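Engineer: With chain F fixed as given, assemble chain V onto it according to the hints.
There are 2 protein chains.
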Amino acid sequence: MSFWKRLFTGVETTTDSDSVYDRIVFSTNREIDLYELEELCDAVGWSRRPLRKVKKAIEHSFCVVSMYNQSNDFKHLIGFARATSDHAFNATIWDVVVHPEYQGKGMGKALMEKIIDELRAEDISNITLFADPHVVDFYRRLGFVADPEGIRGMFWYPE
Amino acid sequence: MSFWKRLFTGVETTTDSDSVYDRIVFSTNREIDLYELEELCDAVGWSRRPLRKVKKAIEHSFCVVSMYNQSNDFKHLIGFARATSDHAFNATIWDVVVHPEYQGKGMGKALMEKIIDELRAEDISNITLFADPHVVDFYRRLGFVADPEGIRGMFWYPE
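Respectively, the protein sequence lines represent chains F and V. Using the working numbering, the final residue of the first sequence is 159, and nothing's skipped along the way. Using the working numbering, the final residue of the second sequence is 159, and nothing's skipped along the way.
One should not assume that every hint holds.
[What the hints assert, rightly or not] Quick list of in silico lysine to aspartate or glutamate cross-link-like pairs, EDC-like style, CA-CA up to 20 Å:
| no. | chain 1 | residue 1 | chain 2 | residue 2 |
| --- | --- | --- | --- | --- |
| 1 | F | Lys-53 | F | Asp-42 |
| 2 | F | Lys-75 | F | Glu-36 |
| 3 | V | Lys-53 | V | Glu-36 |
| 4 | F | Lys-56 | V | Glu-122 |
| 5 | F | Lys-56 | F | Asp-33 |
| 6 | F | Lys-53 | V | Glu-122 |
| 7 | F | Lys-53 | V | Asp-123 |
| 8 | F | Lys-75 | F | Asp-42 |
| 9 | F | Lys-109 | F | Asp-137 |
| 10 | F | Lys-55 | F | Asp-73 |
| 11 | F | Lys-53 | F | Glu-118 |
| 12 | F | Lys-56 | F | Asp-73 |
| 13 | V | Lys-53 | V | Asp-73 |
| 14 | F | Lys-56 | V | Glu-59 |
| 15 | V | Lys-56 | V | Asp-73 |
| 16 | F | Lys-55 | V | Asp-123 |
| 17 | F | Lys-56 | V | Asp-123 |
| 18 | F | Lys-56 | V | Glu-39 |
| 19 | V | Lys-55 | V | Asp-73 |
| 20 | V | Lys-53 | V | Asp-42 |
| 21 | V | Lys-56 | F | Glu-59 |
| 22 | V | Lys-56 | F | Glu-122 |
| 23 | V | Lys-53 | F | Asp-33 |
| 24 | V | Lys-53 | V | Glu-122 |
| 25 | V | Lys-53 | F | Asp-95 |
| 26 | V | Lys-53 | F | Glu-118 |
| 27 | F | Lys-75 | F | Glu-31 |
| 28 | V | Lys-55 | F | Asp-123 |
| 29 | F | Lys-105 | F | Glu-122 |
| 30 | V | Lys-75 | V | Glu-38 |
| 31 | F | Lys-55 | V | Glu-38 |
| 32 | V | Lys-55 | F | Glu-122 |
| 33 | V | Lys-56 | F | Asp-123 |
| 34 | V | Lys-105 | V | Asp-137 |
| 35 | V | Lys-56 | F | Glu-118 |
| 36 | F | Lys-53 | V | Glu-118 |
Don't read these hints as lab results, they were simulated from the structure. Please read all numbers here as calculations on a predicted model, not as lab measurements.
Just chain F, with the same shape it has in the complex (with noise of 0.2 Å):
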């Protein structure tokens, strides 16, 4: 079994490749410490948000995946991302973020795929996001389409 494959049976995994981690496991539970995730998303450069509204989103979404690196009984979050959905046709992910140490090692690919995952196994078809510039080959190598039969991402600004 791969790697991998490994992985997203939820068995937890040691790579040879790399002694920065140790055993990489995902959770789907909500119940995450903010403050962890708030030193995650600063540790990638992302404004602050209050955490009172990162708390309300993450209730309110339909999915979240949290990337821990696990050593021995201290886990530590290095990756997050989490959807909203209609719970019936669509999905939007949103806040996909890997810690600058774990980068470049395959975790972001193991994070979305995991979050895919889910999506799926939700009977999800429809799953998108809007990607920055510099991530837009990063997802598209994992099967995301940018702007498929001409559809465009837009966002609303005030007039």
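Structural biologist: Then chain V, alone, in the frame of chain F:
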């Protein structure tokens, strides 16, 4: 007070310019006649979707706006839009539809302005949507921007 201003303050109004409709009223009630909604979607040529899933999607949308033409005691569904959201930061508008007989009369604009108002009233700052090519300019005129700062809308397809 302008026509639209009156419309949005909830006062039923009669337009002078077109006898097709008498009074346009909006509702955010999600107790919608699903058969009437299906008829409306049929009228614009959308593929049929299982009503069970449509019901679920409406139940789990953050915001639902129906637009009716009311004449005496009878009201007829002529437009619809809904939005998913995390209730805190982001919303995505889906399923915007206006009956062909009412297109080109400002009804789509009224419908969109109503759902934007609803989302803004809930303090949602990031209002997004995915626009088919032929309606990109329509949304632009409402204040939506395509691919701001190079952000791309992406859709996942199985690899």
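Engineer: Are the hints correct? Go through all of them and say.
Structural biologist: Cross-check of the supplied hints:
| no. | hint | in the structure |
| --- | --- | --- |
| 1 | F:Lys-53 x F:Asp-42 | holds (16 Å) |
| 2 | F:Lys-75 x F:Glu-36 | holds (11 Å) |
| 3 | V:Lys-53 x V:Glu-36 | holds (15 Å) |
| 4 | F:Lys-56 x V:Glu-122 | holds (13 Å) |
| 5 | F:Lys-56 x F:Asp-33 | holds (13 Å) |
| 6 | F:Lys-53 x V:Glu-122 | holds (12 Å) |
| 7 | F:Lys-53 x V:Asp-123 | holds (10 Å) |
| 8 | F:Lys-75 x F:Asp-42 | holds (18 Å) |
| 9 | F:Lys-109 x F:Asp-137 | holds (12 Å) |
| 10 | F:Lys-55 x F:Asp-73 | violated (25 Å) |
| 11 | F:Lys-53 x F:Glu-118 | violated (24 Å) |
| 12 | F:Lys-56 x F:Asp-73 | violated (29 Å) |
| 13 | V:Lys-53 x V:Asp-73 | violated (30 Å) |
| 14 | F:Lys-56 x V:Glu-59 | holds (19 Å) |
| 15 | V:Lys-56 x V:Asp-73 | violated (29 Å) |
| 16 | F:Lys-55 x V:Asp-123 | holds (15 Å) |
| 17 | F:Lys-56 x V:Asp-123 | holds (12 Å) |
| 18 | F:Lys-56 x V:Glu-39 | violated (36 Å) |
| 19 | V:Lys-55 x V:Asp-73 | violated (25 Å) |
| 20 | V:Lys-53 x V:Asp-42 | holds (16 Å) |
| 21 | V:Lys-56 x F:Glu-59 | holds (19 Å) |
| 22 | V:Lys-56 x F:Glu-122 | holds (13 Å) |
| 23 | V:Lys-53 x F:Asp-33 | violated (34 Å) |
| 24 | V:Lys-53 x V:Glu-122 | violated (26 Å) |
| 25 | V:Lys-53 x F:Asp-95 | violated (27 Å) |
| 26 | V:Lys-53 x F:Glu-118 | holds (18 Å) |
| 27 | F:Lys-75 x F:Glu-31 | holds (14 Å) |
| 28 | V:Lys-55 x F:Asp-123 | holds (15 Å) |
| 29 | F:Lys-105 x F:Glu-122 | violated (28 Å) |
| 30 | V:Lys-75 x V:Glu-38 | holds (16 Å) |
| 31 | F:Lys-55 x V:Glu-38 | violated (36 Å) |
| 32 | V:Lys-55 x F:Glu-122 | holds (16 Å) |
| 33 | V:Lys-56 x F:Asp-123 | holds (12 Å) |
| 34 | V:Lys-105 x V:Asp-137 | holds (16 Å) |
| 35 | V:Lys-56 x F:Glu-118 | holds (18 Å) |
| 36 | F:Lys-53 x V:Glu-118 | holds (18 Å) |
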